[in-house]
Amino acid sequence: MSATAAKVPETEESVRRRRAARPKDAKRRLGSTALIYLVLAGVVVASVVLTAVEGRNFFSQGNIWAVLTAMSVLGLIAIGQTLVILVGSLDLSVPYVVSLATVIAAGGMKGLDGNIPAALVNTLAVCAVIGLVMGLLVSVLHVHGFIASLGIGLIVSGYLGTNYQGSHGSAAPDLRLLGRSGIAGWIPTAFLIMLAGAVLVTLMLRYTRLGHHLYAIGGNREVARMSGVRTVMPVVAAHVLCSVLAGVAALLLLSRTGVGSPTIGSQGRYDLLSIAAVVLGGTLLAGGKGSVIGTIGGVAIFAVLDNVMGVMQVNPFLKDFVRGLVIVLAVAVYARRSVVRRPPRFGATRTVLPGSSTQQESA
Amino acid sequence: MSATTTTAAPGRSLPATEGSLVQRALRGAVTPGGAVFILVAILFLAVVAANPSFGEPPQLIRFIGRTAPIAIAAMGQYYVIVSGEFDLSMGAVIATQVVIAGNYIGQDEGRVLPALVLMVAIGAVVGLVNGLGTTLLKVPSFIVTLGTMLALGGLVRFLTGGAATGNPVDSFREIGRGGIQDVPVLEVLPYPVIILVVIMIGGVLLMRSPFGRTIVATGDNPDAAGLAGAHVWWVKTRAFMLSSLSATVAGILLVGYAGVHPSVGSGYEFTAITAVVLGGVVLGGGRGWLLSAAAGAFALELLFSFLNFQEVESTWRPTVQGVIIILAVAAAGRAWSFGRRPSRTSPPAAPAPPSTPARPGTETGEN
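Residue numbers (my numbering), protein chains in the order written: chain A, 156 to 518; chain B, -8 to 358.
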């Protein structure tokens, strides 16, 4: 390799290699998020047809409102879940955190507007502490994220089951108003809050040090550590953000239901559905690759599916069946693609190698 | 196969195989896989101290019978976890089998055997789907089994309307409920205990066979196992099938205890994972013993019995379960290196290594 005679073809080769690598990589990256929105478009078209068959309009004001509302809660939770999965962990505790947050917030508000600030701070602080504990378990004690979050979730569910029976407290009128408000009757405020969260988290992932560290640690924690990244803080931050976002989602739920419920989270199955949405959105379950934009696409697919099944009055149990099928099929399409994907230089050498090796041998 | 040559190399033996039997047993007890047996013993003594009648053989054998389904499920989950995957579909499989038993058999004695064949076939097919989805379609097992869990669970609830339906003939329920009467010390020897012991022995023999060694090797490092000649996809698929078949057996036993309702078995997957993890088996694969997984299930049930006798409200059960698994895993992450290798700084509790970086090198080697 070090021979000077081979230098000229070598550099040409490397340039070609780099050129070959770049557009291909760009195309692939476009493909990964574009694919999920392509699937979404397909689902929407199918839904429009099916809704029309039922004699109703998918794009009616009320229906769009319903779809966007359905997206907002799962969306916020899935954004947090994206962060946690990106960093190579997992959060199964979200349903219990959501339930706990609704109970604490509703209990704190007691139906009075004056209590809102204190209740909000209380709720989100409790969520943040739960996230903090989980993050420390994962990062300092090296407990697998699956177990840490499952354990924390069980602990919280035991607390909820022991101390709360039935609905608890009541939401303040202002919060309920928020749940009903929106822009022009088309876009609910809850959806805007979710969108704002998505934009903020995307900006954080793209432009801040924390965001880059999240990807680095998710890709390979040991390599990140040896490269000088402090691995504890980003993992903790991801878990805290996830739990806080679950708390915000719980407040949105509360704004609609009006009372805190100790079972609302586990009824919604937010743990498994949010993970499914994240993976559907193209984020690798092993961490290190993915985006919030994709996750929102995954959430939208679920929301549209749910909506059309609601319009068609599908049996609620059959809904789960359809959901399960969609998850496996969609991810099967996607996972095969992402397995082929690898860091550009490896991808480039692989595609160019057969030609280059024969060249070098002949030279 | 290849695994047997690596475990007993003639030149330098592993620390785990040195010394006398007592020394090895002591050293094994320090690992999380061995410590769970000590935990079971301590919990047993605690329960007996709280309620002396629990220690009497008839009571004890009934307790073992009650715990058999969860221990069998935990052993099934063990195969999947030690191969580096998850099986979340277990609870749904149990529900499916229970409902099939309730509705297909009915009051017809003649249908018991065909039903058993049907249930085993369904269990095998679900495991096959899970395994092929994970290995050939390359979907993470968490997602595949989540999908089968939602699909199966939804289907079962749809077909039954979410309510208890059907009632299998008593002779079928006897499998889970009955036992051999008039046994000398025990009064009664429940069938679940016999089934559990048979499955345990079979499992231990299986884990000592080439297939068992290959499962552990695959969980430790799928690429290395593949290069050593193992058919990774088929090994993992069989692990999933074993898991679903174990869930099937657990379901058959549960029909006797719990009756026919689509919610039977809900949450079993997480309880089984908890038991496996409590048994010191490392999530991510490659480390842990089969019997430790079963012991984990017994430890969990003993703990719940203990809490019952202490008159702790049953609503606190999940909390205790949560605290225990976190503590167990936090301790296990440190301790596995202790029993296996003399000195290693990084704990082996890290998740399964990503397979992509190793691939380019191997493929250029083929060119």
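Derived from the structure by calculation, the hints contain no laboratory data.
Hints are supplied without guarantee of correctness; some may be wrong.
Claimed, not checked - Every beta carbon over 12 Å from chain A, so not counted as near; a handful from chain B, in silico: (1) 18; (2) 29; (3) 98; (4) 299.
To be verified - According to the in silico footprint, chain B covers these stretches of chain A (three or more CB under 8 Å from chain B): (5) 189 to 198; (6) 430 to 441; (7) 478 to 486.
Unchecked claim - Calculated Cβ distances over 12 Å to all of chain B for the following chain A residues: (8) 206; (9) 210; (10) 214; (11) 216; (12) 279; (13) 306; (14) 322; (15) 339; (16) 362; (17) 383; (18) 384; (19) 427; (20) 448.
The model shown is predicted, which means the values in this text are computed figures rather than measured ones.
The beta carbon of each residue, even a glycine, is placed where N, CA and C say it ideally should be.
Open item on the list: Check the structure against each numbered hint from earlier and tell me which ones fail, lowest number first.
Closed with: 5, 13 and 19
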